[in-house]
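Peer 1: Chains X and S, in that order, are what the protein sequence lines are.
Note that my numbering numbers the first sequence so that position 260 is 260, with each residue one more than the last.
Take the position in the second sequence, starting the count at 1, then add 348; the result is the number in my numbering.
It cannot be assumed that every hint is accurate.
Here are the simulated lysine to aspartate or glutamate pairs, EDC-like style, with alpha carbons at most 16 Å apart [claimed, not checked]:
#, chain 1, residue 1, chain 2, residue 2
1, S, K533, S, D619
2, S, K435, X, D101
3, S, K488, S, D460
4, X, K87, S, D449
5, X, K109, X, E137
6, X, K325, X, E299
Calculated from the structure, these hints are not laboratory results.
Protein chains: 2
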Amino acid sequence: MNRRVRQQDIARKLGVSINTVSLALKDSGRINEDTKLKVQEVAKALNYIPNSIARSLVQKRTFVIGFILPSITNPIQIETAQNIERKLLANGYNMMLMTSDYDKNYETKALDILLSRQVDGIFMFPTDIQNQKKSQEKIKAIRDANYPIILLSGGNFNLPSDSVYMNQYLGAYKATRHLTSMGHKEIAIIYGGARNTEKHQGYIAALKDSGLEYNPNQVATVGNSSYEQGYRAASKILRNGSVTAILASGDYLALGALRWCREQGLRVPEDVAIIGFDDLEASRFAEIPLTTITYKVEELTTRATELLFSLISDQETSTWLKPRKVEIEPTLVVRQSCGFKKRSGELL
Amino acid sequence: MNRRVRQQDIARKLGVSINTVSLALKDSGRINEDTKLKVQEVAKALNYIPNSIARSLVQKRTFVIGFILPSITNPIQIETAQNIERKLLANGYNMMLMTSDYDKNYETKALDILLSRQVDGIFMFPTDIQNQKKSQEKIKAIRDANYPIILLSGGNFNLPSDSVYMNQYLGAYKATRHLTSMGHKEIAIIYGGARNTEKHQGYIAALKDSGLEYNPNQVATVGNSSYEQGYRAASKILRNGSVTAILASGDYLALGALRWCREQGLRVPEDVAIIGFDDLEASRFAEIPLTTITYKVEELTTRATELLFSLISDQETSTWLKPRKVEIEPTLVVRQSCGFKKRSGELL
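This is chain X alone, in the form it adopts within the complex (with noise of 0.2 Å):
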């Protein structure tokens, strides 16, 4: 599918008139049941986008951008959003945000809402795609009706779709590596929500980069990525006292982890090592600043938003282009919260 279905390419297909076609797509009285049903199969079939969305997509368009997020509470996805609305504003468009509340329905069912809302285009930070058939089939049907949909997620799935994203393998790589070479060897790992695959991959390459084994009973995850339950988290896995570092899956189950280390009288970095992701403000001021792992938010969403206005204006022809993948690079940040000492105190 290379282009754009018209009208004309159902009528075609099914040997009538385009004006049949036209008045079984408005559901018109003028028209047999039997010819109406065989007109919308085709029209599914070839991904035709109905007639009001098209119009608004060649001929005028809205100049508003829809952005689905799994939450409006993840600090990281909504500094993301909004350096990319300035974006938009600078460029004449706006912002539509929706949320899908980390639920695969609500995920399918908001771009459902934004297109009949007539959006010229659309970014999304999927919910843990690889694993939610109907959000892949929705979003492959969008593309190849030529709808501008970028993804800003998406290192080890082979959807085709246009995507922006860090790294969160090479992420998770860098950071217990870090951890490593400081001479951690039980290293914990710490999720929100759900165990992010990509994250966890990374996380387990690094162990056995350097020698080390991974053990299951090192990985927590807790109900969200809330300090409370990074506090929560930590008093599960530093309980029976092996462990001597914790990669968290965010900065505020990595300060809640701070937190209660610092209840126990453990001192950070001496006795634990702490690592987040995403360098949230309140690691930098935090107690003991937090390391971290992190994106150039800056370059996700000058490449993000080029890459929707792109297609955005080639988007007759975009789907003869094969889907473009932008990776960002991830950079640890050095901070406190993981020093340079080992548990014993002396410097490595």
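Once you've looked at the hints, dock chain S against the given chain X.
Peer 2: Only chain S this time, still in chain X's reference frame:
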């Protein structure tokens, strides 16, 4: 204006047929320009809502609610939005979020976009609405057209709009009185972005009721409500030594100020007491847990969604009613950043 204006009202007013009005509003070539102009003028004067939108309101609800925020980085507003979104989802509605980026032009533009996208109703955290004629007029017109809109702010302005909000005046009053009751006499207040008129009046009234004089030199307004700006504000306001307490208009500001104090070797609360606003999770998990002013988000969002649903179901009659103003009382959450000690260290 006590009910929705219909095309027949415009027709009657001008002595023309409904068909003429309908065609004129569609900018049909079958109507002469003079008549079109007249019809459009009367439509505007009567706050007529374009057909497509009115139709969606009356006949086919979109089950989408718009939400306008000044910024998606304000955590308590985000929490409020998310809480409302959950309630909407539970009732079969989806939410669409737009931000005004603290810009009055974007604010009215966001309203226009949501209206044109045919949302069933709007929630809005207005930006400094007391001083924004354009937003005020737009909100008034929307309400006059029986379109459900609820402001989530609005203590001290007289806009005839439905509103559900925390009493900011009382919040600042309570916080300041708490500080004066502990013997503080030199109490600074810091704002991020812009001075909040309601909070400021509450602060001044509490000083007065405690027999203290208001000192404009003890007011700092910094660029935004971040940790970094709170850190800057503290360095500015505490350098010369007379101030013993800080009321910050947001928790991040307060936590930034706390960090500056700790770095300077000042004890909190013994040397400097700090109170914030909003009770963010970071405040509970801070190195010195933060005393703060907040409201029950659950209470506010319950009242706000109830009001919205009643406006949606009574849409034909709602403007007969006086605008409802629901005020939520703030509470003081006492933690350690503002303990019961005076500067000298002795207990009160």
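Peer 1: Take the hints in turn and mark each one as holding or not.
Peer 2: Right, here's what the structure says about each hint:
1. K533/S with D619/S: holds (13 Å)
2. K435/S with D101/X: Given that 16 Å is the threshold and the Cα spacing comes to 12 Å, the pair holds.
3. K488/S with D460/S: Satisfied, since the Cα-Cα distance of roughly 13 Å is no more than 16 Å.
4. K87/X with D449/S: holds (12 Å)
5. K109/X with E137/X: holds (13 Å)
6. K325/X with E299/X: holds (14 Å)
In summary, this structure violates none of the numbered hints.
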